[in-house]
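Position chain B with the ligands against the provided structure of chain A, taking the given hints into account.
Same order as they appear, the protein sequences are chains A and B.
Final position of the first sequence in full-length UniProt numbering is 199; the numbers increase by one with none missing.
Final position of the second sequence in full-length UniProt numbering is 199; the numbers increase by one with none missing.
Treat the hints as calculated values from the structure; they're not laboratory data.
Hints are supplied without guarantee of correctness; some may be wrong.
One copy or any two copies: either way a pair holds, since identical chains are not told apart in the list.
[Unchecked claim] Below, simulated SDA-like cross-link-like pairs (lysine to any residue); rule was C-alpha separation at most 20 Å, straight line:
#1 Lys15 with Glu45
#2 Lys38 with Asp53
#3 Lys23 with Thr97
#4 Lys2 with Glu65
#5 Lys2 with Gly55
#6 Lys163 with Ala133
#7 Lys23 with Glu96
#8 Lys2 with Ala90
#9 Lys15 with Ala25
#10 Lys163 with Gln82
#11 Lys15 with Arg37
#12 Lys2 with Thr102
#13 Lys15 with Ala90
#14 Lys23 with Asn145
#15 Lys38 with Ala25
#16 Lys15 with Gly39
#17 Lys76 with Ile95
#18 Lys2 with His109
There are 2 protein chains.
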Amino acid sequence: MKFSPLVDELIHALKMLPGVGPKSAQRMAFQLLERERKGGLQLAEALQRAMSDVGHCSSCRTFTEEDQCSICTSAKRGMSGQICVVETPADVLAIETGGHFTGRYFVLHGHLSPLDGIGPDELGLSLLEQQLASEDVSELILATNPTVEGDATANFIADIARKHEVKVSRIAHGVPVGGELEYVDSTTLALSFNGRLPL
Amino acid sequence: MKFSPLVDELIHALKMLPGVGPKSAQRMAFQLLERERKGGLQLAEALQRAMSDVGHCSSCRTFTEEDQCSICTSAKRGMSGQICVVETPADVLAIETGGHFTGRYFVLHGHLSPLDGIGPDELGLSLLEQQLASEDVSELILATNPTVEGDATANFIADIARKHEVKVSRIAHGVPVGGELEYVDSTTLALSFNGRLPL
Ligand SMILES: [Zn+2]
Ligand SMILES: [Zn+2]
Numbered sequence: 001m002k003f004s005p006l007v008d009e010l011i012h013a014l015k016m017l018p019g020v021g022p023k024s025a026q027r028m029a030f031q032l033l034e035r036e037r038k039g040g041l042q043l044a045e046a047l048q049r050a051m052s053d054v055g056h057c058s059s060c061r062t063f064t065e066e067d068q069c070s071i072c073t074s075a076k077r078g079m080s081g082q083i084c085v086v087e088t089p090a091d092v093l094a095i096e097t098g099g100h101f102t103g104r105y106f107v108l109h110g111h112l113s114p115l116d117g118i119g120p121d122e123l124g125l126s127l128l129e130q131q132l133a134s135e136d137v138s139e140l141i142l143a144t145n146p147t148v149e150g151d152a153t154a155n156f157i158a159d160i161a162r163k164h165e166v167k168v169s170r171i172a173h174g175v176p177v178g179g180e181l182e183y184v185d186s187t188t189l190a191l192s193f194n195g196r197l198p199l
Numbered sequence: 001m002k003f004s005p006l007v008d009e010l011i012h013a014l015k016m017l018p019g020v021g022p023k024s025a026q027r028m029a030f031q032l033l034e035r036e037r038k039g040g041l042q043l044a045e046a047l048q049r050a051m052s053d054v055g056h057c058s059s060c061r062t063f064t065e066e067d068q069c070s071i072c073t074s075a076k077r078g079m080s081g082q083i084c085v086v087e088t089p090a091d092v093l094a095i096e097t098g099g100h101f102t103g104r105y106f107v108l109h110g111h112l113s114p115l116d117g118i119g120p121d122e123l124g125l126s127l128l129e130q131q132l133a134s135e136d137v138s139e140l141i142l143a144t145n146p147t148v149e150g151d152a153t154a155n156f157i158a159d160i161a162r163k164h165e166v167k168v169s170r171i172a173h174g175v176p177v178g179g180e181l182e183y184v185d186s187t188t189l190a191l192s193f194n195g196r197l198p199l
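So that you can see chain A by itself, here it is in the shape it has in the complex:
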């Protein structure tokens, strides 16, 4: 015996969320049924609309329900001619929260991973190449993650940029500001030494 069919279906569907196991799916279902029916219906509607209507920005590939996202439609953001390449929309948010970057983005939605069938096509690199070839791009800033895959992806894109004679750079990796040297991992420390600047 489990619960009634509709309750079982709800628990089963909740388990599909990342980080949600059988126990927490059950807890979620009961809490919703017990005292969050309105919230549950709101979530149903938000899911329905987002899954059906959210696509990718035709310029930068971030998630949006419009043809272009709010950053790409802002004339101001195009003026610097800088494009920052990131792996995910969450990276865009992190950089925007900093508020220092005034250019546009290009969102890969992942990194090169041949074993998982993720190649240049899946990352939209032909769209990026089009922009490098035809638009007034002053600099391509590669902000993929400092991982083996992120580095390989950055190198691959750097080659494309060089082919189109666009200036290309990689964001610096090193000891975080406010971080304590002794707690930083050795790879970060090595990057930090390699990227040292003269004083």
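Quick look at chain B with the ligands alone, frame taken from chain A:
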């Protein structure tokens, strides 16, 4: 800046789930948009149907979309005349998994908690009293949690049962089988001593 309106709404709605903070809501939304659109739509439908159609069994108050749940409609389960009172539908599942109890249940959906406005009415105790008065109940087994509130609720219900001259019992609390004495908390240990049986 956050994300596009539909993405923001989805993240906001996901945060309403128990145990889901802003960061995991964002991670869930992105994973659904990135590669689980079908699962997301299934979840939307499961939520929609469960929130709208799941009610309470008219006999035992557990969650069901029917008038009565599958246990209450089973003639076999009524034969013993035993009714086990529990706080949540999850408790029913736990006891059913054990497979030893063959009677019916009564689900309180909580415990007495005057400060939160949860009294006898909210726990459906008049429905339980009706059953004690009119049906052939041989024993009422109180399986509320061994907490201050669970004990108070059990005592309150025990008084109702006595009024109707129905035999009433409380499940035993003590050291779990396979548990090590030294790791058991002192309250459990005290209950275990009080409930000791002659050998
Ligand atoms: Zn865009
Ligand atoms: Zn029932």
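How the hints compare with the structure:
Proximity of Lys15 and Glu45 under a CA criterion of 20 Å is satisfied in both settings, with 19 Å inside one chain copy and 14 Å between copies. In this assembly of identical chains, Lys38 and Asp53 lie within 20 Å of each other by CA distance solely across copies; the values are 13 Å between and 22 Å within a copy. In this homomeric assembly, Lys23 and Thr97 come within 20 Å of each other (Cα to Cα) only across copies, at 14 Å, whereas the closest approach inside a single copy is 35 Å. Proximity of Lys2 to Glu65 under the C-alpha cut-off of 20 Å is restricted to the inter-copy arrangement: shortest distance 14 Å between copies versus 39 Å within a copy.
Within a single copy, Lys2 and Gly55 get their C-alpha atoms only as close as 37 Å, which misses the 20 Å cut-off; across copies the closest is 16 Å, which meets it. For a Cα distance limit of 20 Å, the shortest separation of Lys163 from Ala133 inside one copy, 9 Å, qualifies, whereas the shortest one across copies, 87 Å, does not. Proximity of Lys23 and Glu96 under a CA criterion of 20 Å is satisfied inter-copy only: 16 Å between copies versus 36 Å inside one chain copy. For the identical chains of this complex, Lys2 and Ala90 are inter-copy neighbours only, at 10 Å across copies versus 38 Å inside a copy, given an alpha-carbon limit of 20 Å.
Taking the closest pair of Cα atoms, Lys15 and Ala25 come within 20 Å of each other both inside a single copy (6 Å) and across two copies (14 Å). In the homo-oligomer, the alpha carbons of Lys163 and Gln82 lie at most 20 Å apart inside one protomer (17 Å), although the nearest pairing across protomers, at 81 Å, exceeds that limit. In this homomeric assembly, Lys15 and Arg37 come within 20 Å of each other (Cα to Cα) both inside a single copy, at 19 Å, and across copies, at 14 Å. When the C-alpha separation of Lys2 and Thr102 is checked against a cutoff of 20 Å, the pair qualifies only between copies, where the shortest distance is 16 Å, while the shortest distance within a copy is 54 Å.
For the identical chains of this complex, Lys15 and Ala90 are inter-copy neighbours only, at 16 Å across copies versus 23 Å inside a copy, given an alpha-carbon limit of 20 Å. Taking identical chains as interchangeable, the C-alpha atoms of Lys23 and Asn145 lie at most 20 Å apart only when they sit on different chains, with a minimum of 18 Å there against 33 Å within one chain. For a Cα distance limit of 20 Å, the shortest separation of Lys38 from Ala25 qualifies both inside one copy, at 18 Å, and across copies, at 18 Å. Taking identical chains as interchangeable, the C-alpha atoms of Lys15 and Gly39 lie at most 20 Å apart whether they share a chain (18 Å) or sit on different chains (10 Å).
With identical chains, the CA atoms of Lys76 and Ile95 are at most 20 Å apart within one copy only, with a shortest distance of 17 Å there and 64 Å across copies. For the homomeric pair Lys2 and His109, the shortest alpha-carbon distance between copies (17 Å) is at most 20 Å, but the shortest distance inside one copy (38 Å) is not.
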